[in-house]
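Number of protein chains: 2
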Amino acid sequence: MCDELLPFWLTHGLDTEYGGFLTYFDKDGNPTGETVKTLLCQARMIYTYSSAHRTGYGDGAFLDLAQQGVDFVAKRFRDADFRGWYWTCERDGAPRNMSKLTYGNAFIIYAFSEYGMACGDPRALETALDAYELLQTRVADNCHGGYYEFLERDWSKKPPGKYGGDRKSFDVHMHLMEAFTNLYEATGEELFSDRTREIIDLIFKHIIHPEFGTGVAQFALDWTPLRQILFADVWGSDRDAGDEAGRPTNNTSFGHNVEFAWLLHHAVEVLGLDVEAYKPALERIFDHTLEYGIDWERGGAYCEGPHDGPAREKNKEFWQQAECLVGFLDAYELFGDERYLDAYENVHRFVMDHMINHEVGEWYPLLDENNNRLWDYMGNAWKINYHTVRSMIQAETRLSEIVSQKGAKTAESLLVDDS
Amino acid sequence: MCDELLPFWLTHGLDTEYGGFLTYFDKDGNPTGETVKTLLCQARMIYTYSSAHRTGYGDGAFLDLAQQGVDFVAKRFRDADFRGWYWTCERDGAPRNMSKLTYGNAFIIYAFSEYGMACGDPRALETALDAYELLQTRVADNCHGGYYEFLERDWSKKPPGKYGGDRKSFDVHMHLMEAFTNLYEATGEELFSDRTREIIDLIFKHIIHPEFGTGVAQFALDWTPLRQILFADVWGSDRDAGDEAGRPTNNTSFGHNVEFAWLLHHAVEVLGLDVEAYKPALERIFDHTLEYGIDWERGGAYCEGPHDGPAREKNKEFWQQAECLVGFLDAYELFGDERYLDAYENVHRFVMDHMINHEVGEWYPLLDENNNRLWDYMGNAWKINYHTVRSMIQAETRLSEIVSQKGAKTAESLLVDDS
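Protein chains in written order, with the working numbering: chain R, 50 to 468; chain Z, 50 to 468.
Any given hint could turn out to be false.
Note: identical chains are not told apart, hence a pair may lie in one copy or across any two.
[Stated by the list, open to error] List of simulated lysine-lysine pairs, BS3-like, C-alpha gap at most 30 Å:
{"#": "1", "residue 1": "Lys124", "residue 2": "Lys206"}
{"#": "2", "residue 1": "Lys206", "residue 2": "Lys254"}
{"#": "3", "residue 1": "Lys254", "residue 2": "Lys211"}
{"#": "4", "residue 1": "Lys328", "residue 2": "Lys124"}
{"#": "5", "residue 1": "Lys206", "residue 2": "Lys328"}
{"#": "6", "residue 1": "Lys206", "residue 2": "Lys455"}
Derived from the structure by calculation, the hints contain no laboratory data.
The shape of chain R in the complex, shown without the other chains (with noise of 0.2 Å):
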């Protein structure tokens, strides 16, 4: 991480001329030119870059980059008129797509909450605790729990179907179960402990399969599953849907379930809840990513498959390998178990060997299941530092853990490639 990923975001992203963060880069780390600014990449680079700076790194030089994401989004993603923040602008911070959407705001949630943590001034918190309101007051659905995603710049919910008005996602709510934690811990405010709890419990009781223990995608407003559709607005380089009407009914991300397990684990713990209580959930989740979302032979976590079977999508996405490289971590500490290490190891080699572009520092986006590259771009504007430099600091915290506890001899032989 010293060597590779650090390095590389301390001498990329930074727009010296107008502020914020630039995000398009090549296979060679070089600026593609493009340059229109993502809510999500920058607010997901001020957390990054804070904690990184939370953790140790940087002497100072990352809290800069992120005081600067702060002051940028602070003065041109945010809207005057309707308040909230605008979901894209261009490079000068000239508005472009006015929608609000909930993911962003639960980003924002997340990263200056992060801020505030890093820089330790309370006064940091304030967009975080605005972003809280507006949630609260503009898109919680009071009838059906949980929130609503997509709206128009006025907060009026956008049309159905590929606009999102009439649709729920895990993926959202997953979101806002971090976003909340990290205002709990920022803050220690009990009604944040208390936004939490409702957010884990709402996932449980609609989002995850009461038969398979895994996540459901996407939901009518009212948590009916349904086919899981691109949205009009995205936030990823989305591969293919599958077909006109979405992706298979009986489909689910192994990226997504184990990032959701280990978010889950860290809420319970900065809440100081009773672990015990979650851990049947939490194994079952990392066994089906064992079982089905791991190709043992050739390494690296598949995208998705069923909830109760092999993997259907085998391509290997950056951020699925990530979050990955930390819930198997996770899951060795919770269950001891060394197949749950096993499958790190399997993760954390295909990562070294196939998926980071060494001689740049970043990783690649998607290879197919066979290994080969299929798109090759070191970022653009959904693919930043969030994943790749979180699953690092993440991996590290849990492997040193690991060696003072145990000394396993497979967690240090790999802290030394990891660091």
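Mind docking chain Z on chain R? Use the hints.
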């Protein structure tokens, strides 16, 4: 109304020494010397005076009374440290019970919206909007939908059982529907139309009995129906709960059902929804009270009974009569069925002959099934002019419509009595 009720409240209620309202009056209308001020009654009196002014009564005197009530609540009931409004204060405004009850918050929204419409100053709505924000950010249950009801001063949930921290109710959620409807009418903002529709959907999803169509009173936080118990913090001179465990499981309130029905019909009209979609539900409620809730022999409406049989608690309380007057006129206007007009006439005659203390100009609070007076005060901490004056204003409007549209003889003769 002009001869008795409004004159009483023009000369009673104002606290000339400290501002706000004094609400305790004995059977002769004289102050009892008790002076505790409850958020509920201060807010309801602001509503009532504002509503009377909007309807054309008082030549400005009622608006002045409302205005000084607004000032007192803003100055004395508002909690400067934790936000929100205390539940009760001493006469001079010193806080007494600093709890935060969602019931009170609902009436802040209802009363200040009405006051805003009465005085025409949009700044008057700021308090209503503040209460909306607190409701959403502090007491919304984002897992199960609806709102928590009993909070400590700092908005943490009260203990379970008689402290109410683990309960939700028809009463509170119906009055939130009423409040959101008024907030939408006062602002025209789609946001509050959305909230109103959500809470209507919520009431039908969880509160209206799926088989009988009548209201269930109390629930666990996840909307599991529970036996109705009495709480430590009350908002009425509650009658006996039946036994230790609370009222019977199969129990519904005629007054709440009919009040909900006409408030729902009002919401549907204000929001411009299709009334046809709600008519079957409204008809079931009106028919249930028509069949089981009216004393066809001695007059008046009973308190409570099972969802599917004759009334069990046959006392006749003032507010159920008030709500039945409005409700059965609504029912007659909606369905044209003469039986509803008979029910109106029955309750109207009963109120005129037994409930009203004509010498004083207000209503007795409680009679038994044989029309003997059980309680005789004119006002107390929880009984003021909200039900009685609102009922007269709303009934008069509906009777005028009926007379002008149908020239109905019955209605005409009743209108003479009533005005």
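Each hint, compared with the structure:
| no. | hint | result |
| --- | --- | --- |
| 1 | Lys124 x Lys206 | within (25 Å within a copy, 37 Å between copies) |
| 2 | Lys206 x Lys254 | both (24 Å within a copy, 22 Å between copies) |
| 3 | Lys254 x Lys211 | both (25 Å within a copy, 27 Å between copies) |
| 4 | Lys328 x Lys124 | neither (43 Å within a copy, 51 Å between copies) |
| 5 | Lys206 x Lys328 | between (37 Å within a copy, 27 Å between copies) |
| 6 | Lys206 x Lys455 | neither (52 Å within a copy, 42 Å between copies) |
Hints 4, 6 from the earlier list are contradicted by this structure; the remaining hints agree with it.
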